[in-house]
Amino acid sequence: MPNLTIDGKQIEVPAGTTIIQAADKLGINIPRYCYHPALPVSGNCRICMVEVEKMPKMQIACYTPVTDGMVVHTQSPKVLEVRKTVLEFLLVNHPVDCPVCDQAGECKLQDYYMEHGQYDSRLADVKVKKEKKAFSIGPTVMLDQERCILCTRCVRFADTITKTSEFGVFSRGDHSQLDVYPGKKLDNNYSGNVVDICPVGALTDSDFRFKCRVWYLSATKSVCPGCSQGCNITVEWDKSRPHQHKKARVMRLKPRLNPDVNDYWMCDKGRYDYHFIDENRILHPQLNDDLINWEAAANTVAQSIKSLKDAGQSSRIAVLASAQLTNEDLFMVRKLFKETLSGAHVALAPSVPGKGDDFLLKSDWNPNTAGVVNILQPQTDAAQIVQKAKQGEIDVLYVLGADLVKVLGKDAVRQMAGKVKLFVYQGSNINETCSYAHLNLPASVYAEKEGTFTNMHKRVQKINAAFMPVVEAKPDWEIIGLISAKLGAALPYTQAQQIFKDIAAAVPAFSEMTYEKIGDQGMVLKS
Amino acid sequence: MFSAEFKQELDKITNKYEQKRAALLPLLHCVQEKEGLISPETEKNLAEYLGIPVVQVHEVVSFYHLFHQQKLGKCHFSICQTTACALRGAEGIIDYIQQKLNIKPGETTPDGKFSLSVVECLGACEIAPMMQCNKDYIGPLTKQKVDELMGKNK
Amino acid sequence: MEKIASRRFGQDNSHLLASYLKDNGYAAARKALTGMTPAQIIDEVKKSNLRGLGGAGFPTGMKWSFIPAANPKPKYLVINADEGEPGTFKDKYILEQDPHALLEGIIITCYAIGSHKAYIYIRGEYIKSLQRMQAAIDEAYKEKYLGKGVMGSGFDIDVVVHPGGGAYICGEETALLESLEGKKGFPRLKPPFPAIVGLFNCPTVINNVETIACVGPIINKGAEWYAKLGSEKNGGNRLFCISGHVNKPGVYELPNGTTLRELIYTHAGGIPNGRQLKAVIPGGISAPLLTPDQIDVKMDFDSLKAIGSMAGSGGIIVMDDTTDMVWAAMVAARFFAHESCGQCSPCREGSGWVYRNVKKIYHGHGKPHDLNNLPGIVNNIGGNTICAFGDAVTMSVGSYVSKFRHEFEAKITKEPAHA
Chain B
2 MPNLTIDGKQ IEVPAGTTII QAADKLGINI PRYCYHPALP VSGNCRICMV EVEKMPKMQI
62 ACYTPVTDGM VVHTQSPKVL EVRKTVLEFL LVNHPVDCPV CDQAGECKLQ DYYMEHGQYD
122 SRLADVKVKK EKKAFSIGPT VMLDQERCIL CTRCVRFADT ITKTSEFGVF SRGDHSQLDV
182 YPGKKLDNNY SGNVVDICPV GALTDSDFRF KCRVWYLSAT KSVCPGCSQG CNITVEWDKS
242 RPHQHKKARV MRLKPRLNPD VNDYWMCDKG RYDYHFIDEN RILHPQLNDD LINWEAAANT
302 VAQSIKSLKD AGQSSRIAVL ASAQLTNEDL FMVRKLFKET LSGAHVALAP SVPGKGDDFL
362 LKSDWNPNTA GVVNILQPQT DAAQIVQKAK QGEIDVLYVL GADLVKVLGK DAVRQMAGKV
422 KLFVYQGSNI NETCSYAHLN LPASVYAEKE GTFTNMHKRV QKINAAFMPV VEAKPDWEII
482 GLISAKLGAA LPYTQAQQIF KDIAAAVPAF SEMTYEKIGD QGMVLKS
Chain G
787 MFSAEFKQEL DKITNKYEQK RAALLPLLHC VQEKEGLISP ETEKNLAEYL GIPVVQVHEV
847 VSFYHLFHQQ KLGKCHFSIC QTTACALRGA EGIIDYIQQK LNIKPGETTP DGKFSLSVVE
907 CLGACEIAPM MQCNKDYIGP LTKQKVDELM GKNK
Chain V
40 MEKIASRRFG QDNSHLLASY LKDNGYAAAR KALTGMTPAQ IIDEVKKSNL RGLGGAGFPT
100 GMKWSFIPAA NPKPKYLVIN ADEGEPGTFK DKYILEQDPH ALLEGIIITC YAIGSHKAYI
160 YIRGEYIKSL QRMQAAIDEA YKEKYLGKGV MGSGFDIDVV VHPGGGAYIC GEETALLESL
220 EGKKGFPRLK PPFPAIVGLF NCPTVINNVE TIACVGPIIN KGAEWYAKLG SEKNGGNRLF
280 CISGHVNKPG VYELPNGTTL RELIYTHAGG IPNGRQLKAV IPGGISAPLL TPDQIDVKMD
340 FDSLKAIGSM AGSGGIIVMD DTTDMVWAAM VAARFFAHES CGQCSPCREG SGWVYRNVKK
400 IYHGHGKPHD LNNLPGIVNN IGGNTICAFG DAVTMSVGSY VSKFRHEFEA KITKEPAHA
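Residue numbers (the numbering used here), protein chains in the order written: chain B, 2 to 528; chain G, 787 to 940; chain V, 40 to 458.
Please note that a few of the clues may not be correct.
Listed next, the in silico EDC-like pairs over lysine to aspartate or glutamate satisfying Cα-Cα at most 20 Å (straight line) [to be verified]:
#1 V:K406 - B:D503
#2 B:K164 - G:E804
#3 V:K399 - B:D126
#4 V:K222 - G:E804
The set of hints was computed from the structure by calculation and includes no laboratory data.
If we strip away everything but chain B, and leave its shape as in the complex, we get (with noise of 0.2 Å):
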């Protein structure tokens, strides 16, 4: 393996390494615009450029291989003039949009003229005009042809990651232009990607238009709960000026790099399913018409509940537990239910199937389907469990997190509201089902709690809370912990991560694993 020296720093590297990919993995960040770990090199930003000894010219680092005893410089005085040469043309014809761009605080001319740039500015020059400003190329991409720099990373994406070829580069010279077919849309799943690899403000968000300036930002790691693929994501939040969002905090996602689910990307519909996380929550625990406070609210499913188990009727109790539900979760379920109430029925809550495509998305559009079966291990299905509700064998009906109105229609659930005695609904956001529940308990969302996923290939990975849930919210193992207490059996957990320790110690797949062990990039179950 050839064994080279970048900047006084020695690395040995497979052969066929670029100098670009021997530095990233040295932690030497040389610039870059057209280079991308992910897409094709193209060679054609140069800024990458760096002197190797005994080359007679600098060399791009992102396609010149590495040899043995190559020695590497990335911070010499050519170098350094080099890139503030590139930035020059780069900015020749760049407009200075910089106070109405998106871009504006992740914008790689920004930070790397910041950082190399030549501060004297001689360009005193009108600048071509480009035809399409502030153009929608599609639903969710904005395109501005004047700020493109013309890296083409759009154009290698869309031709070897989506193979939809939405993307050309057209004429020539500095009147070249980056477009859509004429007349063709930007409207594939994976749209939005384009937007986080276009290191300037050309491909913007529509979605994100002008909503929040990205130095307010702050970011949580986290996993999309989309869909069984558990994309890897980031969460973006201001809670600083309620004021400029109409409270809103998450104002995008972005995707994560796991090279083992998703490398560096996310679908549209994972993408753009945030709002859910800000809008039309429910807040109060509400019993009918009245908002009751927790201790109330507790109280009367205890009390539901005692009487049945007392009376050794656990059977007329049943669960319908969503996919939606993190392991943490699942797992108080399951001793709640399973261990204290046995006998109680519980199932996966249905789920109205999704769409799934080649590429990332997958038809169950839930998080977690793998933890049901893992760690909730149900014994029924929810349509023996509907069938008894509506014969009225059900007294306690608990479901979390699922809109059963949606799946089995309005009548449905009309029935099974009007024949058991206490219809729970464990929930975050306001839907249709809330209105047959007796009983509404507001449920933090996934943005809101510390946890695990599961996703369909066995990978368990980490969420994070961003922030507090709202207003009287609470994740829904915490719920679960108050009921519990109140029936004298309690599961004293106060953070996840002690439940997440029970469940390595109680469920074989998960022996031995621990938050720590998870980290960023998640770890697969024991087979």
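Since chain B is already given, all that's left is putting chains G and V on it; use the hints.
Showing chains G and V alone in chain B's frame:
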């Protein structure tokens, strides 16, 4: 979709190449010869015929200046403006033609008879200043010669 | 002086097969195919000191020897007939008036490099060349000089004429390959070079029209003969093109050692209207300008390199003393701005910027900082680009500014004096 007989004509060209896509430029010339322009319909049909994304056909059409997306006049003047022709009076000829036809480079006369383009070196510096008039190289140009050409093509 | 490439120019129907055969046509091909090995042919061409006559002057035999014989992929020969370098028009004459000479050279070259397929990439504007070349190919196929087992040798060879679309950059060999493959003319990143990864990913030799047209005569008369005609490392003659302010613009076949002075005054009839020489481009627009004190230079590749310019494509453009050099710089800068393919940032943005800057100065709107910045901007393009086009902008436009700076200065608006 191209008609079956047109496809046969195109096949004759395409079959000369080891990769189908390589026939794109001669095919574009062939269609433009027939129809006078490259329409979006043609781009789609060629993309289909060659099995490549239509955006890449459009890239090629927009990159090479011999392909045009609009019909040109019956007589298309392409006047060379590069060094050898410039040294021998190309600017004067260009100005003269602009005046006489009352159009600017890139435009066509309203009666559809003449189009004017200003181009770079056509490889005929020995007859500078010169132009390509449809298929023919004509030079050295004088105002008289231009008048003759215009008269012939009215 | 014995003419080689242009020996048949001007004859009636020189482009027809019948005429070519009368002139010992295809004898060299027959000799090569039936009496020599590929290795012998390459050796002969190496010894002849034939160098690429498209512009780079790379030793032709050496280029052919880079083709990896053991590589199982098919090999291709591509003839670069894009002839886009301003000042150059010689290949047009070969294509129109002696296409069979090119075909004969192609047959020998293909045999030497193990190729059975040649493409002739002719610029799209050369309608007559395209027609004449196709007609010659049709004749050759009919009489079995092309096709299967030609001239009773068992060697198969096919030749295809391919029209360009109108882009100077397609004269760059890797851009030409991209264009031939049906894409925009974007030069490729190198390495790998075409000898290893060329057309359709296969080993490919790309040579200029004139270069290959000389191969037949070399095989007929021998490498020594050809080498002796030229200078030490530059064999044979050259088709020089001369245009601009001269009395007899045209193509002149002359030995490589001919001086620029001879070319201008002896052969091209000197400068009309009693004017004086001011500047001359010696090798296509990409070549740095020469001034009158430099015209005793010999016109071979090495001599021109030594005085800071290049022999390039052999396209000489003469400028007399009525020429405004700032205007001439603007014309050159405009050419480069129009022909930049736009792939890489320094050339794409730089070529347009330089043109706008020079134009501004020419029209009298330039300020002192515009002129002071110009050399720096021009110099920043070359050396930082994917292909030599960027270097050409730097060398060419840069030479106007450095050699005629006083003319630029004269056009600069002085800053108004403050009261």
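Hint-by-hint comparison with the structure:
1. V:K406 - B:D503: Judged against 20 Å, a Cα distance of about 77 Å means the pair is violated.
2. B:K164 - G:E804: This hinted pair is violated, its Cα atoms lying about 24 Å apart.
3. V:K399 - B:D126: Holds. K399 (chain V) to D126 (chain B) sits at ~9 Å (cutoff 20 Å).
4. V:K222 - G:E804: Holds - the C-alpha atoms of E804 (chain G) and K222 (chain V) are around 15 Å apart, at most 20 Å.
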